[in-house]
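Chemist: Each chain, letter by letter, is given below.
Protein chains: 2
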Amino acid sequence: MNKVQFLRLAGILAVFLLAGCASQVEDQTTARRFAWIVSPEVHPDNRVTFRYRAPNAGEVLVDAQFESEPVAMTLDTSGVWSVTLGPVKPDVYPYSFLVDGIRVMDPGNPHYFPNERFKGSLVDVRGEAPRVHSLKEVPHGVVNYEYYPSKTLGTTARVLVYTPPGYEESAEKHYPVFYLISGTTDTEETCFKVGRANLIADNLIAAGKAVPMIIVMPYGNPAALLPAGTQPANQGELFDRDLLNDLMPYIEANYRTLNDRNHRAIGGFSRGGGQTLRIGLGNLDRFSWICCYSAYLGREEFARDFKYVYEDPGKTNEMLDLLWISVGNDDFLYQRTIDFIDILKGYGIDHKTLVSTGGHTWMNVKLYLAETVKCLFQD
Amino acid sequence: MNKVQFLRLAGILAVFLLAGCASQVEDQTTARRFAWIVSPEVHPDNRVTFRYRAPNAGEVLVDAQFESEPVAMTLDTSGVWSVTLGPVKPDVYPYSFLVDGIRVMDPGNPHYFPNERFKGSLVDVRGEAPRVHSLKEVPHGVVNYEYYPSKTLGTTARVLVYTPPGYEESAEKHYPVFYLISGTTDTEETCFKVGRANLIADNLIAAGKAVPMIIVMPYGNPAALLPAGTQPANQGELFDRDLLNDLMPYIEANYRTLNDRNHRAIGGFSRGGGQTLRIGLGNLDRFSWICCYSAYLGREEFARDFKYVYEDPGKTNEMLDLLWISVGNDDFLYQRTIDFIDILKGYGIDHKTLVSTGGHTWMNVKLYLAETVKCLFQD
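Residue numbers (the numbering used here), protein chains in the order written: chain A, 1034 to 1412; chain B, 1034 to 1412.
With the rest of the complex left out, here is chain A:
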């Protein structure tokens, strides 16, 4: 047995022994050697301790999104690196470790940041008062993992669908629908697991601040589902067609939806914000609520593709129940988003804006989500 084989077996045994599955085994030395470490540990005063076991590493940093840059951790005599940061403003933050330059998730934290390209963990600093995205004791909706057939993609695709509390109790009631798209490299799970769209809706509905609605969370990069080499040149257009021609009919056939433009909203973050503007403004006959988080349309594209939107602003304003644009003042797309807002102002197209602090982050997406979910489908 070589060293790696030994470590593999020792790891399995340690897990097994710690779980108390094999109480007859007397020598628990292995288990003690592999005792689990707690990470992250959120303290009552909102400080957070991160720990990572790496006795042989030369340097371990924690890269947490509440810090402006990665922070060095300190090695103790048991081989565990740790650092305590904060107090931190209560929120849910992505973080990862940099172990001799290698980026890793926190192995002992089951809360993932679902993503195609990077692997991060999540820490929930709850604070004393629960926030709008916190798990509270209110009636909860359900998030459904659904497969749907897509003719556009020529394959079966996956989508997450939130149904609000009470959806199962009545076979009669129909609901408005919010299509919510995550950003570049995110997956169909990101608005659920990082954005907490379900908990935000649960809490706002319970407080009487939001209308019960269905939230549909598609995968923003369906070209990745196609066999290598078969992706079309215009991958954005593929998403649009799948959403309009496959996903929407599937949702409307399988859920109790209200199927008119005044009961359909579309929103998204980053790339999903661009998709939102293109699909929403491009299909005002289908959507009257449009929510763009940290994204924009460029002046040229808008002038070229959205003439019918700006040539009769009065008609556009009559059709739009909401055109919402939000961005953080530290977002690397801040200036472009502000430029887009200026374009809308220049044409006299009604819109609402929220310029927050912070950057291109899911902390901001949660804020924007909560603010827009409050507005949607309200008279």
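In short, the hints are calculated from the structure, not lab data.
Since the structure is predicted, the reported quantities are computational estimates derived from the model, not experimental observations.
Incorrect hints may have been included.
Rough simulated footprint, nothing fancy, chain B against chain A, three-plus residues with beta-carbon under 8 Å [claimed, not checked]:
1) 1085-1099
2) 1129-1141
3) 1167-1174
4) 1177-1186
5) 1340-1349
Here are a few chain B residues that sit away from chain A, every Cβ distance over 10 Å (derived from the structure) [said to hold, decoys possible]:
6) Leu1108
7) Val1121
8) Ala1162
9) His1207
10) Ala1239
11) Leu1259
12) Gln1264
13) Met1281
14) Asn1295
15) Gly1347
16) Lys1385
17) Thr1390
Partial list, computed: chain A residues near chain B (C-beta under 8 Å) [said to hold, decoys possible]:
18) Trp1069
19) Thr1189
20) Glu1201
21) Thr1220
22) Ala1286
23) Asn1287
Note that CB positions come from ideal geometry on N, CA and C, so glycine has one too.
Chain A is fixed; fit chain B onto it per the hints.
Modeler: Chain B in isolation, oriented as in the chain A frame:
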């Protein structure tokens, strides 16, 4: 801007540029430098190429569960390590990389192994003919992520619930229920994302080989949901009480279930197999189908706690519709499981066994799941 800050920003920019979100940005040098690599790449002949970018690493191995030990990868001039393995027997396998001894997921693969303690990725070697766990063009059920209130835990807990195809179409039809528990360090997502219980059921139902059923996938380690220091000494008993007194009533109140012992099954893997035997054999008034995957009860525990099971084997056999025990001949629990089967034989308690090849793996869980789902609730 220090080096790490630069890497952070360059990474964000690269992702953004590659997504074509900022077409006006002229210099895409950064994007090219960070061009995405494909990993894993499954070839038509069932070989698999793994790739990992780490120009500065001294050694990178891939630890794939179809190999007996980690395999060294080779560095190319672009800073990417790679190796091609196989041909591999078609299945879904966990794997991870060992980068200078640091275990990491595959950053470019969105398919996670949900787990509390280690972080792995999944590779699907489909082969020419789809397998019983493959995504096929058949009617699909839905996996619901549910929150339920637990008096036992004093908190809100999470459970995944599979409803079969057709469940939403009829408001009348009621279904049998299979409680399916994952293993030590697994989460409530593992039977779904790694075990593919939903796809196995979809495929077997479509083929007329399984009865449409609801599958409930709880979290096997609810003590972890309690505040540090408040966990009871007997954490196993906590799970049992939560399942019997909180989860089961919640499911039966919120789903259209058949609520008698002949329409309730319980099954599980590893620690979940032990939980299955304890809860199932301990509550024959509630369960008549018991499926144990890669686990056992020790002779002493059985003699001490299960007298009513063995003292009147005739009565027990009359009550049991199925007692299923399976294990791989390379499983580190093989001998103990065989000993348990011998105990059952000795007492004359009816049971079915499947001794497969392979070890304590989720490849085997999928096999056992498919075989048992075929049996459940059949006359």
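Chemist: Next, verify each hint and record whether it holds.
Modeler: Verification of the supplied hints:
1. 1085-1099: holds (count 5)
2. 1129-1141: Holds, because 10 residues of the segment 1129-1141 of chain A bring their Cβ atoms closer than 8 Å to Cβ atoms of chain B.
3. 1167-1174: As far as the segment 1167-1174 of chain A goes, the hint holds, because 3 residues have Cβ atoms under 8 Å from chain B.
4. 1177-1186: holds (count 5)
5. 1340-1349: violated (count 0)
6. Leu1108: Nearest chain A Cβ is 14 Å from Leu1108(B), so the label holds.
7. Val1121: At roughly 19 Å from the nearest Cβ of chain A, Val1121(B) sits farther out than 10 Å, so the non-interface label holds.
8. Ala1162: holds, 17 Å
9. His1207: Fine: 14 Å to the nearest Cβ keeps His1207(B) off the interface.
10. Ala1239: Correct as stated: the minimum Cβ-Cβ distance to chain A is 13 Å, above 10 Å.
11. Leu1259: The claim stands: Leu1259(B) keeps its Cβ more than 10 Å from every Cβ of chain A (closest is about 13 Å).
12. Gln1264: With a cut-off of 10 Å, Gln1264(B) remains clear of chain A, as the shortest Cβ separation is near 12 Å.
13. Met1281: holds, 18 Å
14. Asn1295: holds, 25 Å
15. Gly1347: holds, 31 Å
16. Lys1385: holds, 23 Å
17. Thr1390: At about 18 Å from chain A, Thr1390(B) clears the 10 Å cut-off, so the statement holds.
18. Trp1069: This hint holds: Trp1069(A) lies near chain B, its Cβ roughly 7 Å from the closest one there, short of 8 Å.
19. Thr1189: holds, 6 Å
20. Glu1201: Where the cut-off is 8 Å and the nearest Cβ of chain B is about 7 Å from Glu1201(A), the hint holds.
21. Thr1220: Interface hint status for Thr1220(A): holds (5 Å vs cutoff 8 Å).
22. Ala1286: Constraint on Ala1286(A) not satisfied, violated at 11 Å.
23. Asn1287: holds, 7 Å
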